[in-house]
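K.L.:
Spelled out from the first residue to the last, the chains are:
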Amino acid sequence: MISFVLTRLLRAIITILAVVTFAFVVLRMSGDPAQVMLGPDVPQDVIDAFRKAWGLDQPVWVQYLAYLKSIFTGDFGVSMRDKASALDLVLERVPATLQLTIPALILKLVIGIPAGIYAALHRQSFADRGVILLAILGFTIPSFVMGLILVLVFSIILGVLPSGGQDTWVHGILPTITMSIGGIGILARFSRSAMIEVMGQPFIRTASAKGLKWRDVVWSHALPNAAVPIVTIVGFMVGSLIAGAVVVESIFSWPGIGRLLIVSVSNRDLAVVQCILLVIAATMVVSNLIVDLLYGWLDPRLRSRAAH
Amino acid sequence: MTPLIQATNLARIYQVRRGLFAQPKPVRAVDGVSLAVMPGETLGIVGESGSGKSTLGRMLLGIDQLQAGEVRFEGRAMPELRTAEWRALRAKMQLVYQDPLAALDRRLTIASQLAEPLEIHRIIPKDQRPARVAELMVAVGLRQDQAGRFPHELSGGQRQRAVIARALASRPKLLVCDEPVSALDVSIQAQVVNMLRQLQEQNGIAMVFISHDLKVVRNIADRVAVMYLGRIVEEASSDVIFRSPRHPYTQALVSSVPVPGKLLEGRVILQGEPPNPANRPAGCAFHPRCSIARDICRSTAPVLRQIENRRTAACHIVADGAVPVAA
Amino acid sequence: MGAAKSNLVELRDLKVAFDGVQVLHGIDLTVGRGEALGLVGESGCGKSVTWLAALGLLPGKAGVSGSVRLEGRELCGSPRSTLESVRGGRIAMIFQDPSSSLNPVLRIGRQITEALALHRGLRGDAARTEALRLMDMVGIPDARSRFDLYAHEFSGGQCQRLMIAMALAGEPDLLIADEPTTALDATIQAQILDLLIQLRAETGMATVFISHDLGAVSQVCERVCVMYAGRIVEQGTVEQLFAAPRHPYTRGLFDAIPRIDGPRQPLVPIPGTVPNPKHLPAGCAFSPRCSRVLQSCHTELPPLVPQGDGRLLACARPVPLALVIHAAKPRTPARIVESALQ
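Residue numbers (the UniProt record's numbering), protein chains in the order written: chain A, 1 to 308; chain B, 1 to 327; chain C, 1 to 342.
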């Protein structure tokens with residue numbers, strides 16, 4: 001078990017390192033922050049001074065090593081724009097994002113999973129076809145289209161809900177719904193197919209042949225088995241709690257991480273962008289780790305394989 | 001006469017390592033097996049799951065690597081895996097295994113599947129290929145109108161015929177058949193077994209026939225080797241070994257075959273199950289299930305000895321006084 | 001059928017269709033109390049479907065008609081709760097692939113005690129004690145320490161023993177064993193057959209043994225039904241059928257089995273393949289493969305009728321009794337003898 005956790009931990013660290021490196025290289029290759037920050041009509045000596053101040057005149061690999069060193073000492077850099085600590089800037093925005101993503105996640109779970117399971121247990125029924133259709137619509141319509149449609153209907157035509165801002169909880173309704181619809185569709189589809197597969201397994205027939213009530217066959221024999229694939233998807237969703245809001249925050253001008261990311265990228269505010277990517281990578285890696293541990297708990301076959 | 005294929009002291013040991021920091025553990029799948037097959041002869045290999053019989057078959061063909069020992073084909077050592085020489089040799093030795101649907105390409109018609117080895121091994125000129133394909137189909141009892149069919153349009157028996165036809169395309173001298181009829185119904189099984197026997201008699205192909213079904217093996221093999229936990233425990237001619245099995249495991253195996261109209265009474269029913277190859281018992285691997293085991297069986301592994309003319313067995317008790325077989 | 005011994009289960013004209021394709025064409029079958037009945041046939045003949053249909057275990061899209069009576073009580077078309085009370089309690093069933101027939105994420109002990117709670121109201125320590133007794137009874141060594149293990153920690157043979165323990169938990173009157181030894185190694189097969197015979201002797205429960213293996217059936221059963229393409233073609237005692245199979249298909253099945261004793265001879269296969277249920281031949285479904293076929297066989301379906309010796313037979317031109325050679329003796333292929341006589 002210890003070796004299992006150690007292996008996973010090592011893998012997690014490597015993943016984060018890869019993300020950090022990738023972000024670092026791509027950001028340096030995609031435009032000069034000095035030009036973007038200072039504007040087009042600045043004299044060359046000002047630009048040079050800016051570069052020197054931020055260490056941009058050094059070779060990339062020297063910059064990279066310096067960056068790694070500071071990360072390991074807990075220093076995530078300073079925003080070129082606000083001169084504030086990048087980490088503080090990012091963490092400050094986290095609660096706003098979670099205000100949207102956590103309710104959206106809950107909606108996905110409580111609607112998506114039961115809908116999928118219901119559809120699986122009533123295959124070919126009217127409800128099943130309805131769930132499939134809505135699920136496909138849900139995850140094929142991009143969230144910016146969905147967001148605009150909702151704004152059009154509820155804010156402009158009906159005028160019942162605000163279309164942007166973060167003043168009261170009512171402002172959160174439309175962005176939360178926009179964000180959850182795709183996930184509901186995905187979860188419904190996944191839960192449905194996981195459940196259908198499990199219901200076709202020989203051990204379900206055994207449970208029925210034993211004389212168990214239908215309800216008990218589903219609850220105590222089928223669901224624990226269907227949980228493994230469903231947990232995988234939920235894990236992805238938890239992993240994107242921070243990153244999943246970029247588009248929706250922009251549409252509804254919600255001051256979360258997503259908005260900060262877009263602003264920082266267009267300003268080439270390197271430290272802030274890198275810090276956001278690091279936070280996103282970390283949440284994904286941590287949720288993956290939790291999913292892996294959950295697998296072992298849910299499926300004893302995986303547990304014993306890992307333990308030996 | 002030199003054997004067509006001769007294997008000496010083959011061993012295949014898997015290192016099973018569970019987890020990054022765990023101590024690797026050796027699993028002896030095949031452990032010191034020697035055998036020889038003459039041209040045109042059929043050697044049956046029987047044993048239960050975990051006996052290593054399938055691994056042995058793959059080692060003979062060079063698909064599974066040897067960790068120890070040597071395989072000689074027509075008197076020459078096997079070339080390195082995946083070299084041009086090895087590929088050329090593989091045309092002479094073919095594998096047929098249990099699941100024909102997995103062995104066939106779902107997107108190709110039966111005729112193209114059969115033409116494929118002809119192209120790969122460049123055996124005959126292009127214009128003669130259709131005739132050869134037709135000939136192969138006749139040989140395995142497929143109808144000409146089935147040439148354009150896809151694998152899923154055929155029955156299980158017909159698919160296995162197609163797999164065998166494809167194996168025969170390169171005119172092999174050796175067929176290794178791993179449970180070729182186990183997935184088929186009894187009536188179809190008999191069709192395929194008869195066909196294999198007929199092909200073999202007509203073309204003088206040697207065969208290694210691996211199966212857990214003793215009845216089928218008895219019917220097709222000239223000689224039979226019984227495997228238990230990676231080793232051969234008894235080997236003799238097919239008639240002799242089934243009429244008078246000597247090793248206690250062979251006795252139990254033969255006795256466990258249900259014969260129509262014969263009751264279970266008086267049959268040897270073994271206690272327990274074959275041990276896990278990762279936890280091989282000390283001494284004779286069979287001793288925990290053996291009814292005649294003595295002290296020596298628990299401490300010393302018996303070697304394969306000649307106990308009669310043309311019969312070898314690895315058992316301390318039946319081999320008392322017999323001479324060891326030179327490896 | 002003798003009226004003296006009351007029948008436990010009676011199937012009358014049981015029919016099953018999947019998506020409009022009929023796979024079972026009216027099965028009439030009775031199982032007496034304590035009796036061991038064998039159902040033999042090749043894949044797709046309907047031997048398993050018959051009993052899955054009887055217990056309502058087929059998927060919803062299957063159309064089932066006819067009558068299934070347990071001690072006179074109709075099960076076919078009865079509400080789900082009736083079937084649930086019969087399953088496991090009166091009629092238990094075990095399956096071909098024991099390892100995947102046990103739930104992989106639930107502990108073995110729990111899967112057995114679940115059945116005990118359901119049918120015998122046992123809970124807690126009482127259930128645990130009884131489950132351990134059952135595990136002992138079916139030959140699981142060291143049951144106490146393995147009570148909390150999962151299915152993947154047992155071998156295939158042990159999983160089948162656990163399935164049997166679970167089936168015994170409800171103290172059923174009938175155990176349906178659907179190819180229980182097919183997936184197992186030869187020596188383990190013999191152990192499981194032995195266990196089934198022994199348990200029937202101890203508990204007096206009736207057994208329906210479904211198998212493609214005539215050898216296994218003859219060891220376990222007293223009476224045998226041979227099925228082909230969704231119909232029973234011959235039915236009789238084990239002695240009758242094995243001494244003198246009369247239906248050409250039964251005869252063909254015997255001839256096709258390779259023998260473990262006697263001289264080695266080419267096998268005698270049945271030509272052709274099992275028909276696709278979608279395109280069943282007209283008349284007798286076996287006629288295209290039959291060596292004794294008559295012109296009328298292609299148009300007329302022979303009914304299953306009682307013969308003088310008590311067996312049932314559905315054939316217009318059965319193998320004559322005089323020509324049948326005892327199956328246990330070294331065999332001369334019957335077809336050769338026959339053609340010499342004609």
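Any given hint could turn out to be false.
Simulated crosslink set (BS3-like; lysine-lysine; CA at most 27 Å straight-line) [stated by the list, open to error]:
1) B:92 - B:126
2) A:69 - A:83
3) A:213 - C:278
4) C:15 - A:213
5) B:92 - B:173
I should point out that these hints are in silico values taken from the structure, not numbers from a laboratory.
K.L.:
Next, verify each hint and record whether it holds.
P.N.:
Outcome of the hint check:
1. Taking the CA atoms of residue 92 of chain B and residue 126 of chain B, the gap is about 20 Å. The hint holds against a cut of 27 Å.
2. For the suggested pair residue 69 of chain A and residue 83 of chain A, the alpha carbons sit about 20 Å apart, so the restraint of at most 27 Å is met.
3. The suggested pairing of residue 213 of chain A with residue 278 of chain C is violated, with an alpha-carbon distance near 34 Å, which exceeds 27 Å.
4. This hinted pair checks out: residue 15 of chain C and residue 213 of chain A have alpha carbons roughly 25 Å apart, not beyond 27 Å.
5. Taking the CA atoms of residue 92 of chain B and residue 173 of chain B, the gap is about 5 Å. The hint holds against a cut of 27 Å.
Checked against the numbered hints above, the structure breaks only hint 3 and satisfies the rest.
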